[in-house]
Amino acid sequence: MDAFWIIITGFLVASSTGMLGNLLLLRRMSMMGDALSHAVLPGIVIAYLISGSRASVPLFLGAIIMGVVTTLLIQFFSSKGKMQADAAMGTVFTFLFAVGVILVTKYAGEADIDADCVLHGEIAFVPLQTSSFLGLGVPTPVWTLLILLGLVQLVFWVGYKGWLLTSFNGEYAKSIGIKTAIWHYTLMAATSVATVVSFESVGAILVIAFLVVPAATAYLITDNLKRMTLYILAQGLVSAVLGYFLSEWVGGSISGSMAVASFLLFAASFVWSKKSNKGDHITKRAKPH
Amino acid sequence: MDLFLKYVTLQDPNVRYVALATLLLGGVSGAVGSFNFLRKKTLVGETVAHSMLPGVLIAFLLSGVKNPYVLITGAAISGWLSILLVDYITQQSKIKGDSALAIVLSSFFGFGIVLLTVIQSNYGGEQSGLDHYIFGNAAAMTPEDSTAFAWVSGLVLILVLSFYHSIKSVVFNLEYADAIGINVKFIDGLISFITILSISVGIKAVGIVMMSALLIIPPTAARFWTNRLVRLLLLSGFFGALAGWLGAFVSYSQVSMPTGPWTIVIISLIAFISMLFAPKRGVIYQRWSKLLLKRRINEENLLKTAVQNEVRGLGKLFNRRSISQRQFFEQRLWNRTVRRLRRKGLIKKVHTGFTLSTEGRSYGAEIDRRHKIWEIYLQRRMQMSINLVHDEAETMEHFLTPEIEAEILGELGLCSRFNPLLEIHELVPDNLVNPV
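So the sequences go chain by chain: A and B.
All you need for our numbering is the position in the first sequence, starting with 1, plus 30.
All you need for our numbering is the position in the second sequence, starting with 1, plus 2.
Don't read these hints as lab results, they were simulated from the structure.
Predicted model, so just to flag it, every value in this text is computed and none were measured.
What you were told as hints is all true, and nothing was included just to trick you.
Listed next, the in silico BS3-like pairs over lysine-lysine satisfying Cα-Cα at most 30 Å (straight line): (1) K42/B <-> K170/B; (2) K96/B <-> K209/A; (3) K110/A <-> K98/B; (4) K136/A <-> K8/B; (5) K187/B <-> K96/B; (6) K204/A <-> K112/A; (7) K346/B <-> K282/B; (8) K98/B <-> K204/A; (9) K318/B <-> K351/B; (10) K110/A <-> K292/B; (11) K110/A <-> K204/A; (12) K350/B <-> K318/B; (13) K350/B <-> K292/B; (14) K170/B <-> K187/B; (15) K187/B <-> K42/B; (16) K96/B <-> K112/A; (17) K346/B <-> K292/B; (18) K304/A <-> K42/B; (19) K204/A <-> K96/B; (20) K112/A <-> K282/B; (21) K98/B <-> K191/A; (22) K296/B <-> K204/A.
Build the full structure now, drawing on both the sequences and the hints.
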């Protein structure tokens, strides 16, 4: 049963972060997951210091607020401060992470908190905390992730047309009067929430992986946004299953194994797309001019 | 203060190596980071630094010992592989650079985590300390570490100096560099090599994130101060070294404060200060010059309109209403502009309104003249419709310099004292032309 819940958790994380990662990928902002995973640390520490407890809700709130602050800061530095976009991201998240580490060291004596445990949640612990539902012990993180998935789906499908326009052709969208900034901030807020919620149950590295790898896998196979989401879900499911058994086999971290499994699927689709592209290439060339 | 002196003069042997090492590390990574920064591949360092974890662990598994040279070699190899993979993915598919970086980062690091957990459960005490390659441990720096940093700094310096011109061409204009016969692949590899070199020696001291920050932030800060590559390299290296040195001081003077994070906080502060206060590129300078420009445009518009009203025979006296018929001014804007113009002595207050002073009149006439010269130019040379030229000239009149003006007049075959008194589109243009 533990295996089932762990796989379900992996799949839920993959499907909510993957949908958003899809949009991030098209906007060339895939490193956002990595940036957020580091930048939320001071938010968590400050929330902990204020609330004085390790209860999830305040820490969530702290992390989510810090996630939104991070995206605003990056935006501010690159547009108002004229920093190169990637440099703005790099500066902001490393700075915030450093502040977080300093806070952790400063209050390490009085607080049972360290960077390791905050950032590297482990999916193996998911089945440990359960609540009963219809006689079934359903782990609490599964509930949280289900709600998250619902929210992400809502944001994605309600704004589907907007996402389509702003992701594939931002300039065109702007020219027909769509407020691209609003879409940008919605996506950033959703990404912050999704990453933070997922961190606690599966750890940072798997979230970073699931934010980009399934989307990239799907993107290699198709350009159609609807089909992409379908492939992303499938990719996430297979990664979760494959990763779980991989970790059973080598006896290592489950999250890490799922990230590796996800990469293997990406590699497969990469090889496949190269093969099929090469075919196209040859036929195009063979045509007489 | 005493403590600071003791630190600066390196009297305390405990801190000597740490200070030197962080100084060198900051300097060399600041300079190296500049190349990646200019190629808009700033986050490469982040991916490489994460990707070194599996290399370190595999090196440990193969050798069975924690010899730093062996582990660093492993780190460098897997860092190198990660760069190759990123390049391969971006070149061979439609995946863009940022996604390739994130894919490689997460998969290498994920693999590293799997290896780490396997090692931790199978090896006893002999494996402890391997996680320093994730979080860093500056306090444990040994004299050998600073010697290693010194060697690396020297090597990077020699490489950069000997290939300086090729590197410069490649980071600024790849196609051009390729066209003039520079071996772009080699230079590309060289930049990757020095990046990997500095990360692999530094990562154990300051950790992954701090190492990539040392590559990202110093050039970002330095970029606000200069446009030239040499200065960017030197300044970036200087900022990095300064931050490393001060960071080590904080950790020396305060109990249990980590060196790496303080280095980053200090270098970030340098970057924020640069962003705000740097001349030319800084936020404050830009805001200020924008404000000055707006003010100047308003003043010039007012003077010009007053002159035009005089020429049209509407009298020398003007007020907000008479000006606003041609050039609208809000009450508050009017008050401010008038106050500044009076202070400059360009207009004078008379009982019911204002008049131009002699200087004000010639200034306004000059703007009016530029406006008309631009109108004529647009119409004659750019074949623009007479209905359109006015709006264009409304903007350009504020930006025409005497040099451009002279050039335009020359091109139009007009003498330099050419002075159209009335607006061009109210007369047949040819009537205005004074033949040379």
